[in-house]
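Novice: Construct all of the structure, not just a fragment, from the sequences and the given hints.
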Amino acid sequence: MKTRHYFLLGVGLALIFTAILGATVFARPYAYQGSIIDPPLQVGDFELVDQYEQPFRMSEYLESDPDIRAVLVFFGYTYCPDVCPITLIEFKQVKTLLGEQAEHLRFVFITVDPERDDPEKLRRHLDIYDPTFVGLTGDQTRLEEVWYRFGVFQAKQEVGSSGGYLVDHTSRVYVLDRNGDIGLTFGFGMGSDAMAQDLRQKIRQSTR
Amino acid sequence: MKNPILTLALRRLLIVTVIGLGLTLLFNEGFFRLQRESHDRPPQEVVLLIPEGTSQRVAQGEPVPSIPEEMIFVVGDVLVVRNQDTESHQLGPLWVPALSSASLNLDEPMQYVYKCSFQTSSYMGLEVKTPTTLGTRFQGLFLAAPATIIFLFLYSLLLYPLQPAAPKAVGGDSSSEYVRQKKASESNLDKGEK
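Protein chains in written order, with this note's numbering: chain A, 1 to 208; chain B, 1001 to 1194.
Fair warning: there could be bad hints in the mix.
Stated by the list, open to error - Restraint-style ranges between C-beta atoms, simulated for each label pair:
(1) ARG204/A / PRO1065/B: 41 to 47 Å
(2) GLY12/A / SER1066/B: 50 to 56 Å
(3) GLU1070/B / PRO39/A: 27 to 33 Å
(4) LYS92/A / ASP1107/B: 22 to 28 Å
(5) PHE1142/B / ARG123/A: 54 to 60 Å
(6) ASP1040/B / PRO39/A: 31 to 37 Å
(7) GLN205/A / PRO1146/B: 36 to 42 Å
(8) GLU1029/B / THR18/A: 23 to 29 Å
(9) ILE1072/B / GLN157/A: 31 to 37 Å
No lab work stands behind these hints: they were computed from the structure. Just so you know, even glycine gets a beta-carbon here, dropped at the ideal spot from N, CA and C.
Specialist: Okay, structure coming up:
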């Protein structure tokens, strides 16, 4: 066997090894880090009031902008000391991480404390994070209907502090598709990096 | 390209590669068989079924026999919770609407006790372990083999240095001719020194 043959054999083996390695790494389908709901849950349309005191209807909101591929919905309240600020900061980070792709996303914050969260309070609160975030409130009955459809738990907790009561609530983030259905949820603490990766994939899928 | 030393080196490397791969495979597989555990299986989809009427049973404090209190997974498993109940259920980060299913990719080793709505104890233990799969074994082989091959190759050079074949003599046995010529040159050298 000549030297050239050994060389070619070596190159051939290296190519086969690289091909096997590449196929193993890149052929895997994307694995979502959030929780996939199958079939997607149809939450139906709902109407509330946004932070500019304008009526907000989800179906109209989705129809008004063909760029929207996903809407991130979070339930919280402006007096929340922990979970809500963290989630809103994560929303902001997700937006930054996605860069130009973020134009396909919308962020909606629905109150679980309508007693204190009026539109004005919501507007001032969301302006701290990102004025493009949509804040929604409304009367107790309408909100209860929305909470129920999203499976949201909320309960007042009297803590006897000067700041008033706290509200225990679901900390999950719901990802609505263009039809307004929930196909993906993110548990609290998942992190903005993981959320951004999943959303990038979601946007890619819905663009196809 | 005719470099006898290079040809010999490449031939030696090829032989040593085969031996090195064989040895690494033997050791890897041997130790794998010795240390094998029950969770050493490839990742798969694990389905957990929440039967109809679960929420009523849980509210009455009755256990749901089909749902285990602890589950062990391997990294890469997908937990699919199918909810046949008329109420939505929750298992830690997993929220399963009524008559729907939710899935979660278990991507990293962990040991958690999650709050759970379909257990009378309200909690469920989840453990995700790292399995030794065929892929892991191949990975081990490809990580260990190059070092073994290089080691064997260098060791072989020490034991059996590379020597090019003797030049072919016309009309005679090449090796004996080579030895004869070498001896002659050595004796000439000795004479010169004297």
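Novice: State for each hint whether it applies.
Specialist: The hints, checked one at a time:
1. Restraint check, ARG204/A to PRO1065/B: a C-beta distance of roughly 42 Å satisfies the suggested window 41 to 47 Å.
2. For the pair GLY12/A and SER1066/B, the supplied restraint of 50 to 56 Å holds, since their beta-carbon distance comes to about 54 Å.
3. Judged by the Cβ atoms, the range 27 to 33 Å given for GLU1070/B and PRO39/A holds: they are separated by roughly 29 Å.
4. A hinted range of 22 to 28 Å for the beta carbons of LYS92/A and ASP1107/B is consistent with their spacing of about 25 Å.
5. Between PHE1142/B and ARG123/A the beta carbon distance is about 58 Å. The supplied range of 54 to 60 Å therefore holds.
6. In this structure the supplied range 31 to 37 Å holds for ASP1040/B paired with PRO39/A, their Cβ-Cβ distance being about 34 Å.
7. The supplied range of 36 to 42 Å is met by GLN205/A and PRO1146/B, whose beta-carbon atoms lie about 39 Å from each other.
8. At roughly 24 Å, the beta-carbon separation of GLU1029/B and THR18/A lies within the given 23 to 29 Å, and the hint holds.
9. For ILE1072/B and GLN157/A, the Cβ-Cβ distance of about 36 Å falls inside the hinted range of 31 to 37 Å, so the restraint holds.
When held up to the earlier numbered hints, the structure conflicts with none and fits them all.
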